[in-house]
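Visitor: What follows is each chain in one-letter form.
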Amino acid sequence: MNRLGELERAIMDVLWESETQLTVRQVGSRLTDRDLAHTTVMTVLDRLAKKGFARRERDGRAWLYRAAASREAYVTELMLHALDQTGDRSAALASFARRVSGTEALVLRRALETGGDPARS
Amino acid sequence: MLPPVLVLASVAIGLVPAATGLAAARWPQRSPAAAIVLWQAMGLGWGLAAIGTLAALGTDRGGSGWGVAGDALTVLARAVHDLVGEAAPPGLLAALRLLCLAASAALLALLCWVLMAASTAVLRDRRRHRALLSLLAHGDPKVPGALVVDHPAAAAYCVPGLRSRIVISAGALNLLDQAELAAVLAHERAHARERHDLVLLPFTALCRAFPWSGPAQRAHAAVALLIEMLADDHALRHRPARELVTALIRVGAASPAGAPAGALAMAGGRTGDSGVCARVERLLAPAPGLSLPALALVSGAAAALVVVPVALLLLPV
Numbered sequence: 010m011n012r013l014g015e016l017e018r019a020i021m022d023v024l025w026e027s028e029t030q031l032t033v034r035q036v037g038s039r040l041t042d043r044d045l046a047h048t049t050v051m052t053v054l055d056r057l058a059k060k061g062f063a064r065r066e067r068d069g070r071a072w073l074y075r076a077a078a079s080r081e082a083y084v085t086e087l088m089l090h091a092l093d094q095t096g097d098r099s100a101a102l103a104s105f106a107r108r109v110s111g112t113e114a115l116v117l118r119r120a121l122e123t124g125g126d127p128a129r130s
Numbered sequence: 005m006l007p008p009v010l011v012l013a014s015v016a017i018g019l020v021p022a023a024t025g026l027a028a029a030r031w032p033q034r035s036p037a038a039a040i041v042l043w044q045a046m047g048l049g050w051g052l053a054a055i056g057t058l059a060a061l062g063t064d065r066g067g068s069g070w071g072v073a074g075d076a077l078t079v080l081a082r083a084v085h086d087l088v089g090e091a092a093p094p095g096l097l098a099a100l101r102l103l104c105l106a107a108s109a110a111l112l113a114l115l116c117w118v119l120m121a122a123s124t125a126v127l128r129d130r131r132r133h134r135a136l137l138s139l140l141a142h143g144d145p146k147v148p149g150a151l152v153v154d155h156p157a158a159a160a161y162c163v164p165g166l167r168s169r170i171v172i173s174a175g176a177l178n179l180l181d182q183a184e185l186a187a188v189l190a191h192e193r194a195h196a197r198e199r200h201d202l203v204l205l206p207f208t209a210l211c212r213a214f215p216w217s218g219p220a221q222r223a224h225a226a227v228a229l230l231i232e233m234l235a236d237d238h239a240l241r242h243r244p245a246r247e248l249v250t251a252l253i254r255v256g257a258a259s260p261a262g263a264p265a266g267a268l269a270m271a272g273g274r275t276g277d278s279g280v281c282a283r284v285e286r287l288l289a290p291a292p293g294l295s296l297p298a299l300a301l302v303s304g305a306a307a308a309l310v311v312v313p314v315a316l317l318l319l320p321v
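For the record, the sequence lines run as chains L and B.
Under the numbering used here, think of the first position of the first sequence as 10, with each following residue one higher.
Under the numbering used here, think of the first position of the second sequence as 5, with each following residue one higher.
Since the hints were derived computationally from the structure, they do not count as laboratory data.
A hint or two may mislead.
[Claimed, not checked] Non-contacting residues of chain B with respect to chain L, defined by C-beta distances greater than 10 angstroms in every case (computed): (1) A109; (2) V118; (3) M120; (4) D237; (5) L240; (6) V249.
[Stated by the list, open to error] Far from chain B by the CB rule (all over 12 angstroms, computed), these chain L residues: (7) L13; (8) Q35; (9) D44; (10) M51; (11) T52; (12) D55; (13) R64; (14) R65; (15) R70.
[Said to hold, decoys possible] Label-pair distances were calculated between CB atoms; the ranges are: (16) B:V20 - L:K59: 42 to 50 angstroms; (17) B:R246 - L:D55: 34 to 42 angstroms; (18) B:R197 - L:E66: 44 to 52 angstroms; (19) L:K59 - B:W117: 26 to 34 angstroms.
Ideal Cβ placement from N, Cα and C applies to all residues, glycine included.
Excised from the complex, chain L in its bound form (with noise of 0.2 angstroms):
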């Protein structure tokens, strides 16, 4: 992953760990592990807000951040976007396998155990 990539990833863990509203310099204190230039949190913070995942709000003269949703909600939208169930077979992705009924995956296991053809099992 690239830098930008990486910094736009720790400044969210930041966002979504915090249960208030953060100014630019408190997100950049709370990375601690990198010597980081107050304009560059400033400019990955402003990246996430016109991405959609940040939301902000002034406060005087300084912004305050937030992240959009929780980590959850997009790990959500991730996981149904991925088995396709929003209904709109957008084609964006190739999943793997599509569920199977209960009774189907019955018959195709027992035909593995047979290693026969599970249409004449």
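Given chain L, put chain B in place with the hints provided.
Guide: Leaving out everything else, chain B in the frame of chain L:
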């Protein structure tokens, strides 16, 4: 020689039952790649023939000498000339011809537009998906080269693109053993390497253009299943069939049932048929690929379906 309009109309009309027949046929499973080529040719051939039929209906055969497309342009030029020259209003026959030409142009525009719209929608979906992955997914030594998303549901998929990504959910990672994971990765790498998504895209577009059309839906479902079988075949070159089969059953059976029935039925094509059964059956009892003469016949048919309409549309008579 038969008039072009008859040839084009028979191709356009004949392809509709042919699509239903091919969707139900068993031989495509024996040589998925050849069948996919035929499906592409049928899709393209149908579009060209349908546009060409309408255009040919709109032209009288005293044409330009440059195929149906040339004739159509001649008729249009004459109509514009008459309009500008304030000639007598066109008779009923001439008006009907212009209507057919307009319908032909409209169909061409519709097909081009839905293809572009479908491509744009797919690219937008993937961009969002990639952006989320870059924020959320991480690597795992159990699946080298793939991304892992921490979610208990079982899912394995490929996000195709210039830099394709293969994604495994934590649920699938826990569910499958090392050998099964290798089979899944081999399957998904085939999708990523050969860009199977591009093969499916025209049929997604066709379904959008004609959402009420049974043949279009069946064609989409058939091609979707064929690219899975093609990827299964690639995986078989590196891994034994048994690993792939157990992985298919485990992932298929573990996928959550949370979606409304309608969405699932749409995703799987016909209700109660996920395609997984057909793939497992094929892996457990493999049939030999098509013979060389049969492959030649399929390729010849595919070539004719595209060449004949193009020749009638563009070549001098």
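Visitor: For each hint, tell me whether it holds in the structure or not.
Guide: The hints, checked one at a time:
1. A109: Correct as stated: the minimum Cβ-Cβ distance to chain L is 27 angstroms, above 10 angstroms.
2. V118: holds, 13 angstroms
3. M120: The assertion about M120 (chain B) holds, with a minimum of 14 angstroms to chain L.
4. D237: It holds; D237 (chain B) is separated from chain L by about 15 angstroms at its closest Cβ, greater than 10 angstroms.
5. L240: About 15 angstroms separates L240 (chain B) from the closest Cβ of chain L, which puts it past 10 angstroms; holds.
6. V249: violated, 6 angstroms
7. L13: Given a closest Cβ separation of 10 angstroms, the condition is violated.
8. Q35: Consistent with the label, Q35 (chain L) stays out of reach of chain B, its closest Cβ about 20 angstroms off (over 12 angstroms).
9. D44: The assertion about D44 (chain L) holds, with a minimum of 22 angstroms to chain B.
10. M51: The claim stands: M51 (chain L) keeps its Cβ more than 12 angstroms from every Cβ of chain B (closest is about 19 angstroms).
11. T52: The claim stands: T52 (chain L) keeps its Cβ more than 12 angstroms from every Cβ of chain B (closest is about 17 angstroms).
12. D55: The claim holds: D55 (chain L) sits with its nearest Cβ about 15 angstroms from chain B, beyond 12 angstroms.
13. R64: Label holds. Min Cβ-Cβ 15 angstroms, cutoff 12 angstroms.
14. R65: Nearest chain B Cβ is 17 angstroms from R65 (chain L), so the label holds.
15. R70: The claim stands: R70 (chain L) keeps its Cβ more than 12 angstroms from every Cβ of chain B (closest is about 29 angstroms).
16. B:V20 - L:K59: 42 to 50 angstroms: Given range 42 to 50 angstroms: holds, Cβ gap about 47 angstroms.
17. B:R246 - L:D55: 34 to 42 angstroms: Check failed, 52 angstroms falls outside 34 to 42 angstroms.
18. B:R197 - L:E66: 44 to 52 angstroms: With Cβ atoms ~46 angstroms apart, the hint holds.
19. L:K59 - B:W117: 26 to 34 angstroms: Because 29 angstroms falls inside the window, the suggested range holds.
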